[in-house]
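Participant: In case you want the letters, here they are:
There are 2 protein chains.
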Amino acid sequence: MPPDSTATRARLLDAAFEEFAEHGLAGARVDRIAEAAQANKRLIYVYYGNKEQLFDAVRAQRVGALFDGVPFTTADLPGFAGALFDHLLASPKLLRLGTWGRLEGAGSPIAETAQFREKIEAIAQAQQQGVITTELEPADLLVLLLGMVTSRFYAAHAVLDPATEDAWSPQCLHRHRAALTTAVGRLVAPSPPPDPTGAELSR
Amino acid sequence: MPPDSTATRARLLDAAFEEFAEHGLAGARVDRIAEAAQANKRLIYVYYGNKEQLFDAVRAQRVGALFDGVPFTTADLPGFAGALFDHLLASPKLLRLGTWGRLEGAGSPIAETAQFREKIEAIAQAQQQGVITTELEPADLLVLLLGMVTSRFYAAHAVLDPATEDAWSPQCLHRHRAALTTAVGRLVAPSPPPDPTGAELSR
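As they're listed, the protein sequences go chains A and B. Position one of the first sequence corresponds to residue 312 (the working numbering), numbered consecutively onward. Position one of the second sequence corresponds to residue 312 (the working numbering), numbered consecutively onward.
These are calculated hints, taken from the structure and not from any lab test. Heads up, a few of these hints could be off.
[Stated by the list, open to error] Here are the simulated lysine to aspartate or glutamate pairs, DMTMM-like style, with alpha carbons at most 20 Å apart:
no. : chain 1 : residue 1 : chain 2 : residue 2
1   : B       : Lys-362   : B       : Asp-342
2   : B       : Lys-362   : B       : Glu-329
3   : A       : Lys-352   : A       : Glu-329
4   : B       : Lys-404   : A       : Asp-325
5   : A       : Lys-362   : A       : Glu-333
6   : A       : Lys-404   : B       : Asp-342
Using the sequences and the accompanying hints, generate a full structural model.
Facilitator: Below, the structure is given as structure tokens:
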């Protein structure tokens with residue numbers, strides 16, 4: 312490979328991220344990616360194989376970077392959820408990329424799987440130490456937590472202020488972030504909340 | 312309009328649902344919809360205006376049907392979440408349609424907004440009656456709840472059984488459904504769970 316291949320690859324991945332986030336896998340154009348990266352189109356095929364494989368490479372890179380940028384600790388899962396929320400809020404294209412990936416069902420989500428498995432193991436350990444509820448299996452708990460983190464981006468119109476119709480005001484987001492961390496605290500608390508109706512007993 | 316316009320419209324909406332769920336707005340072909348509905352393509356334009364408006368009409372119809380099929384009651388939000396989960400599990404195309412809608416940003420999500428507003432008001436009432444926590448604003452609570460319901464569909468690969476690699480086995484889904492209803496119970500319980508670390512006081 313030529314001496315500048317690392318730089319070219321980085322430019323190609325960056326350009327591909329923009330293109331895939333905007334247009335998805337089917338809608339993306341390899342020509343536009345090459346042009347934006349100021350690279351020869353043939354290099355995409357040399358380095359990555361084809362458009363699908365480039366899509367997978369971009370997803371693996373960005374998912375890795377996302378989780379590297381938001382340290383996971385079972386000692387403060389509400390804090391992790393809040394930080395992940397902040398990160399996604401600052402990078403809306405990341406969620407778009409992930410969403411296209413789901414719809415267009417490309418490749419095996421190897422990056423996510425490894426990232427998730429690590430966290431699931433850490434949750435299991437924290438459960439053994441008694442700092443996280445054992446009412447939920449580690450994998451289910453993680454999935455429910457991630458669902459709460461991302462929900463605001465998927466249902467923004469649900470929380471439209473009827474007066475201003477602005478779901479993205481700093482005030483509105485600040486309130487939701489606080490709600491998210493409170494909710495995650497409730498999700499993972501070692502003891503279940505008291506049930507004043509006694510419904511638990513009759514189930 | 313001809314006497315059979317109601318039947319034709321229904322066939323067009325059904326065919327459009329299949330086409331949009333599979334290919335999204337940009338990828339959908341009006342020709343294929345007309346052919347599947349055994350209708351003249353021009354009728355789509357007569358009845359719905361254009362492809363975007365047909366997409367909006369399908370979404371409004373299906374979202375309405377979804378929430379009509381899953382009664383909402385603040386007396387049993389875990390039950391509502393479980394029933395919504397079952398409904399989405401039985402109709403994976405519904406979530407695909409909603410996901411395309413988010414990515415392709417079409418039209419105003421009027422159907423969802425009205426559906427959500429109704430539920431937000433009911434949650435506020437239940438909070439006044441003391442049966443749901445007041446720690447969370449009604450809209451935030453609803454969004455977090457919906458995020459938990461849908462999370463399993465968005466992160467299925469997170470919970471792959473390392474042995475079988477099957478995230479959709481009846482056993483796996485049954486366990487997750489139980490986790491979901493437990494988690495929603497924790498989310499909405501009037502009193503917060505006890506905090507053995509006392510961290511609440513130092514915030």
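Participant: All the hints need checking, so say for each whether the structure fits it.
Facilitator: Against the structure, the hints:
no.	hint	in the structure
1	Lys-362/B with Asp-342/B	11 Å, holds
2	Lys-362/B with Glu-329/B	14 Å, holds
3	Lys-352/A with Glu-329/A	16 Å, holds
4	Lys-404/B with Asp-325/A	32 Å, violated
5	Lys-362/A with Glu-333/A	15 Å, holds
6	Lys-404/A with Asp-342/B	32 Å, violated
The structure shown violates the earlier hints numbered 4 and 6.
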